[in-house]
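Spelled out, the chains give:
There are 2 protein chains.
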Amino acid sequence: MRVSQLITKTRKEAPADETAKNAQLLIRAGYVHKDAAGVYVWLPLGRKVLNNIIQIIRDEMDAIGGQEVVMSTLQRKEVWERTNRWDDEIVDVWFKTTYKNGTEAGLAWSHEEQMVDTFRQHIDSYKDLPKAAYQFQNKLRNETRAKSGIMRTREFIMKDMYSFARTEAEHKEFYDKVTAAYLRIFERLGIGESTYFTVASGGAFAEFSHEFQTICEAGEDVVYIDDEKHIAINEEVMRDDVLKNLGVQKDKLRKAKTAEVGNIFSFGTSKSEPYDFVYTDENGEQQFVVMGSYGIGPARVMGVIVEHMGDDQGIVWPTEIAPYQLHITSLGNDDAVIAEANKIYNNLISAGFSVIWDDRDVSAGEKFADADLMGMPYRVVVSKKTIDSEAYEVKVRKTGEVLQLNLDELKKLLAK
Amino acid sequence: MRVSQLITKTRKEAPADETAKNAQLLIRAGYVHKDAAGVYVWLPLGRKVLNNIIQIIRDEMDAIGGQEVVMSTLQRKEVWERTNRWDDEIVDVWFKTTYKNGTEAGLAWSHEEQMVDTFRQHIDSYKDLPKAAYQFQNKLRNETRAKSGIMRTREFIMKDMYSFARTEAEHKEFYDKVTAAYLRIFERLGIGESTYFTVASGGAFAEFSHEFQTICEAGEDVVYIDDEKHIAINEEVMRDDVLKNLGVQKDKLRKAKTAEVGNIFSFGTSKSEPYDFVYTDENGEQQFVVMGSYGIGPARVMGVIVEHMGDDQGIVWPTEIAPYQLHITSLGNDDAVIAEANKIYNNLISAGFSVIWDDRDVSAGEKFADADLMGMPYRVVVSKKTIDSEAYEVKVRKTGEVLQLNLDELKKLLAK
Numbered sequence: 006m007r008v009s010q011l012i013t014k015t016r017k018e019a020p021a022d023e024t025a026k027n028a029q030l031l032i033r034a035g036y037v038h039k040d041a042a043g044v045y046v047w048l049p050l051g052r053k054v055l056n057n058i059i060q061i062i063r064d065e066m067d068a069i070g071g072q073e074v075v076m077s078t079l080q081r082k083e084v085w086e087r088t089n090r091w092d093d094e095i096v097d098v099w100f101k102t103t104y105k106n107g108t109e110a111g112l113a114w115s116h117e118e119q120m121v122d123t124f125r126q127h128i129d130s131y132k133d134l135p136k137a138a139y140q141f142q143n144k145l146r147n148e149t150r151a152k153s154g155i156m157r158t159r160e161f162i163m164k165d166m167y168s169f170a171r172t173e174a175e176h177k178e179f180y181d182k183v184t185a186a187y188l189r190i191f192e193r194l195g196i197g198e199s200t201y202f203t204v205a206s207g208g209a210f211a212e213f214s215h216e217f218q219t220i221c222e223a224g225e226d227v228v229y230i231d232d233e234k235h236i237a238i239n240e241e242v243m244r245d246d247v248l249k250n251l252g253v254q255k256d257k258l259r260k261a262k263t264a265e266v267g268n269i270f271s272f273g274t275s276k277s278e279p280y281d282f283v284y285t286d287e288n289g290e291q292q293f294v295v296m297g298s299y300g301i302g303p304a305r306v307m308g309v310i311v312e313h314m315g316d317d318q319g320i321v322w323p324t325e326i327a328p329y330q331l332h333i334t335s336l337g338n339d340d341a342v343i344a345e346a347n348k349i350y351n352n353l354i355s356a357g358f359s360v361i362w363d364d365r366d367v368s369a370g371e372k373f374a375d376a377d378l379m380g381m382p383y384r385v386v387v388s389k390k391t392i393d394s395e396a397y398e399v400k401v402r403k404t405g406e407v408l409q410l411n412l413d414e415l416k417k418l419l420a421k
Numbered sequence: 006m007r008v009s010q011l012i013t014k015t016r017k018e019a020p021a022d023e024t025a026k027n028a029q030l031l032i033r034a035g036y037v038h039k040d041a042a043g044v045y046v047w048l049p050l051g052r053k054v055l056n057n058i059i060q061i062i063r064d065e066m067d068a069i070g071g072q073e074v075v076m077s078t079l080q081r082k083e084v085w086e087r088t089n090r091w092d093d094e095i096v097d098v099w100f101k102t103t104y105k106n107g108t109e110a111g112l113a114w115s116h117e118e119q120m121v122d123t124f125r126q127h128i129d130s131y132k133d134l135p136k137a138a139y140q141f142q143n144k145l146r147n148e149t150r151a152k153s154g155i156m157r158t159r160e161f162i163m164k165d166m167y168s169f170a171r172t173e174a175e176h177k178e179f180y181d182k183v184t185a186a187y188l189r190i191f192e193r194l195g196i197g198e199s200t201y202f203t204v205a206s207g208g209a210f211a212e213f214s215h216e217f218q219t220i221c222e223a224g225e226d227v228v229y230i231d232d233e234k235h236i237a238i239n240e241e242v243m244r245d246d247v248l249k250n251l252g253v254q255k256d257k258l259r260k261a262k263t264a265e266v267g268n269i270f271s272f273g274t275s276k277s278e279p280y281d282f283v284y285t286d287e288n289g290e291q292q293f294v295v296m297g298s299y300g301i302g303p304a305r306v307m308g309v310i311v312e313h314m315g316d317d318q319g320i321v322w323p324t325e326i327a328p329y330q331l332h333i334t335s336l337g338n339d340d341a342v343i344a345e346a347n348k349i350y351n352n353l354i355s356a357g358f359s360v361i362w363d364d365r366d367v368s369a370g371e372k373f374a375d376a377d378l379m380g381m382p383y384r385v386v387v388s389k390k391t392i393d394s395e396a397y398e399v400k401v402r403k404t405g406e407v408l409q410l411n412l413d414e415l416k417k418l419l420a421k
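In order, the protein sequence lines correspond to chains A and P.
FYI, my numbering numbers position 254 of the first sequence as 259, with every residue one higher than the one before it.
FYI, my numbering numbers position 145 of the second sequence as 150, with every residue one higher than the one before it.
Excised from the complex, chain A in its bound form (with noise of 0.2 Å):
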């Protein structure tokens, strides 16, 4: 992509009522309009971005059996009634609309309900389990106040997984699969190393659940980590009793302020029960069906990676997730520049590598201060310098460090 082609363009300040620093660096860069308080527009670096990142979760919960689908945004009051979930006294962030016949329907600010009434009717024997149905979909949720940027939305997509079990221990066996391919999940985004397994409150459906945790100042949570076993405890369950049991000694832990960047929860049979889920076993008994939840929010993700890594000049993207692995930056129209650096980026395009050219007719300044707020991995100068050398200056994004490599070279780290 050249920049002059690009629909977007970046600016100098974000919206005066855009305090989060992640949606701020994300409109200035031209990754994200905003439209309203908590509704925000996709630009295509956005797009290219939380794709990047839906394609890795997607392949991971593939990996593990996961089967993905898609829910519906209007939801039937019958549905919700069955678990009491329907009143907004009880779920406070309904967004609610009306047929033209009158009928009442709200918008999906969760899919579990949805999800059980879909798939009872396609399980009903043990020879059918277990099971896992996953999607994205968009959530909308009608908040009170929208704050925190693109971390939490009025309308966001969510991944979601459902995991059908005939057993606790059947469950259990997948909910390990899934805590292991979350594990690789954040690892391939980049926070391998600053997201905690954490252990947090259960909710209304069991004493414990799992986040994972991302060191972030803008977080909501805090929690206390172990650093040598890589695992934190949610405050809102800092007790001895969870420390015992997670052998680890409260002296050891350091409190930190987080983002929850996903969390799975044991439900039991809470959520077969009032639908009559059950399952036929070997035995020709009726069993009721056990059930998990897995989220992860890519937008939030999104948004926690630029919180967590960005800096003063602007975003840092890790490389599997950069809508751009390589900013090529010409400097002067020169027509021998200009040729210079469209047979890199054709060259490189071709090899397969993905490159953004700023192809603009503006100042070295602007041009090296857009490549640092849009914050592609790695950075390479082009200009009348270049062509007489035999290497190319490759900024570092991240660490700042300059590299002098030739094209081979260059290849070479872009293929890292």
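Think of the hints as simulated: they come from the structure by calculation, not from any bench.
Same chains, same names: a pair is fine if it fits in one copy or spans any two.
Using 25 Å as the maximum straight-line C-alpha spacing, the simulated DSS-like pairs for lysine-lysine come out as follows:
id: 1; residue 1: K17; residue 2: K132
id: 2; residue 1: K421; residue 2: K53
id: 3; residue 1: K144; residue 2: K53
id: 4; residue 1: K82; residue 2: K39
id: 5; residue 1: K39; residue 2: K144
id: 6; residue 1: K101; residue 2: K152
id: 7; residue 1: K39; residue 2: K105
id: 8; residue 1: K82; residue 2: K101
id: 9; residue 1: K82; residue 2: K152
id: 10; residue 1: K257; residue 2: K234
id: 11; residue 1: K82; residue 2: K144
id: 12; residue 1: K132; residue 2: K14
id: 13; residue 1: K144; residue 2: K105
id: 14; residue 1: K39; residue 2: K101
id: 15; residue 1: K400; residue 2: K417
id: 16; residue 1: K348; residue 2: K132
We have chain A already, so just place chain P on it with the hints.
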């Protein structure tokens, strides 16, 4: 994928309230689940087909320079008031909802207004044009009656593209590129021969627009086809001047029932004027941006394909969009048969082919009926007989033709 592992099942009967052939077949074969009238859930097989269709459209939009974005479902009143389309009396398919603070919000039934409102903030010079943005995003429409299965629903994914140009001539150039891209898309989707570039009424914005109409008994349109030129005229503009312009003779046309699978519109400056969406031209003068809009509904296209190509036995998928290219039917529980089927299954998957294997312990008749219902392009039988023979029996779903092929020949067939 093994059929025993699929989270869905085929069923003998569609729900009694489902009258459309496309939805009946898709529900029975386990591609979609009907949640409510006009609201469907995409099950794993259905999502795969939908995604294959989306990927073809994406390829072709990218190839002509379209840039992918994602708008929001929540819509602001002010944005739609500018074009006088907020009022329910004027737009009768709105779903509306209310924020906690009492502010009304619309749920996007279209995204033209938001696209203009977003990109007028990024486009302001002649240097920024021409550009085009597109998305795959949910539309919600409060239709009085939902019928025609997945061809007309209350919630559906739509590819909508919007183009921004300096002049009518520049607009026309892009419009023609989109026309060519759409023809390639329908060709790749397997309905090229039965899809016609069609002159239709331009609605509020222009005298004419263009539709892509596919032969379909369940369609809502009537067109007059010129077979030689492979174009059509919607009956709504079947007039002498239109015939003359196209250079077609009335007596050479044949009447046909069709379904609209795509449409393209020229807006002129009717959409940019209400927003004061202008660019500064080469002379420093402000000019309104000239716009176009280009839609394809991937789910609607999928419904039309099922209607158009399906037969009494079930669905018939064109090769490029089938969830799996090959359906392996192993007969009986003999260890040698299972081993043989397993060998072919793994061999073909390793070679990069997409294969589904019916490994269930059910009768041959049920397996054959399900293979026909599910509609993969090719089916191969593995049985005691085939182990002793050098060839497999391969059935072409579309024609019913039966071929005797060894594994290498089968691979060649699938690679086509």
